[in-house]
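Novice: Take the given structure of chain A and dock chain B to it, following the hints.
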Amino acid sequence: MTELWRYRELIGNLTAADLKNRYQNTVLGFLWSLLSPLLLALVLYLVFRYMFGQGPDFPAYLLVGLMAWRFFASGTTSSLNIIVGKSSLVTKVYLPRQILVLSNVLSVLISSLLEFIVTIPILFIVLGKLPMTTFLFPSIFLIYFWFVYGASLFLAAVYVYLRDLDQVWEVLVGALFFLSPVIYPLVQVTENTMPFYLLNPLTEFMIMYRDVMIYGKLPSLYSLVITVAASAAAFIVGNFTFNRLQRRFAEEI
Amino acid sequence: MAAITVDKVTKKFKIPHEKRTTLFKNLLGIIRRQLTYEELLALGEVSFEVERGESFGIIGRNGSGKSTLLKILARVLYPDSGTVVVKGRVAPFLELGVGFQLELSAQENVYLYASILGIGHKQVDKKYDEIFEFAELKKFENMKLKNFSSGMVLRLAFSTAVQVDPDVLLIDEVLAVGDEAFQKKCAVKIDEFKERGKTIIFVSHALDSVKKTCRRSLLLDQGRIIALDDTRKVIARYIEILEPK
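As given, the protein sequences belong to chains A and B, one line each in that order. According to this note's numbering, the first sequence is numbered sequentially starting from 97. According to this note's numbering, the second sequence is numbered sequentially starting from 354.
If you are wondering where the hints come from, they were derived from the structure by calculation, not from laboratory data. Careful: at least some of the hints might be erroneous.
Under the rule of at most 25 Å between Cα atoms (straight-line distance), these lysine-lysine pairs were calculated in the PhoX-like manner [stated by the list, open to error]:
no., chain 1, residue 1, chain 2, residue 2
1, A, Lys-116, B, Lys-475
2, A, Lys-116, B, Lys-537
3, B, Lys-491, B, Lys-537
This structure is a prediction, so every number in the text was calculated from the model and none was measured.
In isolation and in its complexed conformation, chain A is listed as follows:
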């Protein structure tokens, strides 16, 4: 950790380079990256409004869920091949290699925060009001970040050795999308599967985001405990795996 601090300038530069690369090359740049989740939300709304859309806040519910989902999905998916993709930074120069994953997750985090900021006025239009607690959403990211970072460390390290992990992960992410309450309300989950269902930490993250951004509630203690514990576990396992596997990265790439 102290070593990472010495490299903070590099982490900043890599994060900035990543953001520039992501936005500069398309005509609408940043606008596109916002437009695509919003359009997806619209499509999902049109498709599912008769199935789940009884409540008046369904559009807001869907939007917040989708934005929260995107940080996990794009954070982990883009981190997966970061070590293999930036091979020259692994084989030609010494760096603490976590930096590559860290700067990638940071750049996705910044994109995600911007998406949330743009979502706020839309929530205002849809709900007709904004709860005061809305602006607490960055504090949830403080916990969520470690969860995504830990998962990313694990995936990026294992992918160096098992190159079809990307296919496996794509399927898993697709399954998790439906195993998390992104588009449907929690009441749709049957009672006997509920205990298993709640084991998915993403569920608690989504509950927290919706509590503060839609229902004007502070996150419950239960949600906080679950998400902090899950994030700590993800980070510890990810970091441990990464440190173990990184010794032979340069040979395996």
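Specialist: Below, chain B without anything else, positioned relative to chain A:
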């Protein structure tokens, strides 16, 4: 005082008979009990010391373990056994322009590359004009790197890289690229580093420049040290093994 101490370093590479890097193939291999691989000895019990301020050459045929040794010194590879102690900050020049991004401008790339090499933002600010003048690219600082010729990229990388202020420089063949004028510039810079008392590890096939730069050298063959002596004697021995009687 020794700047670099290498003690009984051994490194083996595992080369699978079949390339098996997917989960699917691994499972298949376990089921068929075919997880076979050959071990290739890249370095076998290599030990030597380099004094502070010394320029030290490493020569040998292709595949003799030179680059592996340099990568271990650069901490990119880890040895299987043995220890390596390098005192002070290391600047590994295993390749010039590591981490350059084609979609970014020359200016952005200089700052990015500098931070990869451990040069701070403020120091680049100070040396900014010098870097671009030395690279002869002042007019192009805002151009994207993808529009540069390979020679321009190389000059930009080199001018940035020489701004490092390390205690130990590791140089691998990088100077074998570029035209005559570029190579001369490189030679001058290496002499400058030498005069400033930096420790230099120099890996090259260009025996003349090894002779000029390094007083002592090491000859590797099949991962083992064959000779470790005055550069002239080592080169003579190298030529012997190249042309067996």
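Novice: Each hint should be assessed against the structure and marked as holding or not.
Specialist: Comparing the hints with the structure gives:
| no. | hint | verdict |
| --- | --- | --- |
| 1 | Lys-116/A <-> Lys-475/B | holds, 22 Å |
| 2 | Lys-116/A <-> Lys-537/B | violated, 36 Å |
| 3 | Lys-491/B <-> Lys-537/B | holds, 21 Å |
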